[in-house]
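Construct the entire structure; sequences and hints are all you get.
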Amino acid sequence: MSADLINTKNDQLLFDHNHDGVNRRGFLKCMAWAGTGALCVLQGGVLKSFSLSDASYQHAKGDFSFVQISDSHMGFNKPANTDVIATLQAAIAKINALPAAPEFMLHTGDITHLSKSSEFDQVQQILKSAKPKDIFFVPGEHDVLEDDGQQYRERFGKDAKGSGWYSFDKKGVHFVGLVNVMNLKAGGMGSLGPEQLAWLQDDVRHLSKSTPIVVFAHMPLWNIYPEWGWGTDDSAQALAYLKGFGSVTVLNGHIHQTMQKVEGNITFHTAASTAFPQPKPGAADSAGPMKVPADQLRSVLGVTDVNYKRGTHALAVIDSTLA
Amino acid sequence: MFPKKNRTQLVVLSLCLAFALTALGYRVWKPRAVQASNVEIKIDNFSFAPTDLVVKSGTRITWTNRDDIPHTVVEDDKLFKSKVLDTGEQFTFSPTKPGIYKYYCSIHPKMTAKIVVE
Numbered sequence: 001m002s003a004d005l006i007n008t009k010n011d012q013l014l015f016d017h018n019h020d021g022v023n024r025r026g027f028l029k030c031m032a033w034a035g036t037g038a039l040c041v042l043q044g045g046v047l048k049s050f051s052l053s054d055a056s057y058q059h060a061k062g063d064f065s066f067v068q069i070s071d072s073h074m075g076f077n078k079p080a081n082t083d084v085i086a087t088l089q090a091a092i093a094k095i096n097a098l099p100a101a102p103e104f105m106l107h108t109g110d111i112t113h114l115s116k117s118s119e120f121d122q123v124q125q126i127l128k129s130a131k132p133k134d135i136f137f138v139p140g141e142h143d144v145l146e147d148d149g150q151q152y153r154e155r156f157g158k159d160a161k162g163s164g165w166y167s168f169d170k171k172g173v174h175f176v177g178l179v180n181v182m183n184l185k186a187g188g189m190g191s192l193g194p195e196q197l198a199w200l201q202d203d204v205r206h207l208s209k210s211t212p213i214v215v216f217a218h219m220p221l222w223n224i225y226p227e228w229g230w231g232t233d234d235s236a237q238a239l240a241y242l243k244g245f246g247s248v249t250v251l252n253g254h255i256h257q258t259m260q261k262v263e264g265n266i267t268f269h270t271a272a273s274t275a276f277p278q279p280k281p282g283a284a285d286s287a288g289p290m291k292v293p294a295d296q297l298r299s300v301l302g303v304t305d306v307n308y309k310r311g312t313h314a315l316a317v318i319d320s321t322l323a
Numbered sequence: 001m002f003p004k005k006n007r008t009q010l011v012v013l014s015l016c017l018a019f020a021l022t023a024l025g026y027r028v029w030k031p032r033a034v035q036a037s038n039v040e041i042k043i044d045n046f047s048f049a050p051t052d053l054v055v056k057s058g059t060r061i062t063w064t065n066r067d068d069i070p071h072t073v074v075e076d077d078k079l080f081k082s083k084v085l086d087t088g089e090q091f092t093f094s095p096t097k098p099g100i101y102k103y104y105c106s107i108h109p110k111m112t113a114k115i116v117v118e
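Chains as they are written, first to last, in our numbering: chain A, 1 to 323; chain B, 1 to 118.
For the record, the hints were derived by calculation from the structure and aren't laboratory data.
All C-beta atoms, glycine included, are put in the ideal place defined by N, C-alpha and C.
Accuracy of the hints is not assured; some may be wrong.
Stated by the list, open to error - To give an idea of the chain B side of the interface with chain A (calculated C-beta under 8 Å), a few residues:
no., residue
1, Phe-46
2, Asp-76
3, Lys-102
Shown next, in the form of structure tokens:
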């Protein structure tokens with residue numbers, strides 16, 4: 001990732017190096033919808049944003065869609081949300097009510113709060129009520145406490161490589177699940193590690209350059225706010241392997257708020273949590289759970305719906321709140 | 001106000017005085033080993049407080065997590081390592097070997113701090 005493209009403090013695109021029309025204003029326009037039901041579509045390299053109520057929403061419907069949920073933090077019971085079961089159930093209800101049933105689900109980590117068996121059990125029980133039956137996971141740092149992720153891998157990563165990374169194909173789209181929450185170094189951020197990077201390079205080598213790629217991992221693969229550790233130390237290496245492809249979408253969680261950035265061929269997106277919100281980068285003393293008035297909680301939690309239309313190379317990313 | 005010669009003397013005198021005060025200040029403010037046999041480190045707002053601590057060998061150090069998020073206390077070379085500390089939970093360690101112990105939270109590695117054991 002070239003550092004001059006973004007101001008990490010304000011998450012703004014400063015230069016339109018690619019002449020793709022995605023400038024600071026376009027980015028902010030898209031951001032303005034985030035959290036209230038936004039639709040951001042990358043069409044022919046141009047980012048467009050619509051309201052969910054807009055008739056053009058229909059145009060975003062494609063060959064198939066999948067849904068992303070994140071940061072369910074089962075077991076969390078502090079003032080920011082004393083009932084994370086209810087909000088996860090609300091997220092599933094939201095998914096089940098989507099006009100077109102998603103093909104499958106992604107959970108981008110922090111499934112549990114303390115990696116307890118009972119917390120994993122509770123989430124798996126609730127997810128049974130979701131219409132999409134296939135669910136693909138990557139671990140968050142809260143899922144690999146104490147046991148280096150052994151329990152996580154026994155439940156969700158039996159066929160995965162290393163600490164839990166894997167890839168699969170759906171209707172011509174290549175999906176890659178990465179693990180960036182293991183072996184974190186003092187003073188650092190998320191980490192992929194050399195073994196996983198080598199695997200990724202090899203995994204995408206055989207793909208034709210026109211294959212749309214979706215990469216998902218818990219911690220952001222772009223430097224959103226290094227002061228709070230909101231990034232991944234060696235993500236630039238991973239992104240370098242994805243440079244030559246026509247369409248790359250990177251989906252993350254971890255920061256408990258929606259955020260989007262487009263850089264060249266890569267669209268970055270972070271999903272809201274289903275459990276509790278966190279402050280905007282630098283807007284508080286720390287990244288701790290943010291308490292909002294009870295009647296506003298569900299407006300800052302959410303799910304993310306992603307649509308793919310064959311031939312357009314465009315993935316439409318739609319955030320919906322639980323309100 | 002002053003003849004040129006006097007002004008030079010004044011400048012030299014001021015510099016000497018400033019140096020002396022700095023040296024004195026350093027002696028007075030140099031961090032001293034905490035004499036207490038029990039010392040507490042708070043984990044609050046994703047940081048360890050105090051961040052730098054100087055203690056005598058054998059001091060019993062207790063970390064308390066006051067955040068709504070779990071943290072850990074892990075020495076960089078794993079010389080000491082807590083289990084995951086949920087809100088209100090504590091970890092205690094009594095270093096007996098003098099040296100500099102750098103540690104961090106393995107869940108939030110931006111959280112770093114150190115203890116100097118004398």
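We went through each hint and held it up to the structure:
At about 4 Å, the closest approach between the beta carbon of B/Phe-46 and any beta carbon in chain A falls short of 8 Å, and the interface hint on this residue holds. Contact between B/Asp-76 and chain A, as hinted, is supported at the beta carbon level, the nearest pair being about 5 Å apart and thus within 8 Å. With its C-beta approaching chain A no nearer than about 7 Å, B/Lys-102 sits inside the 8 Å limit, and its interface hint holds.
Consistency note: the structure conflicts with none of the earlier hints.
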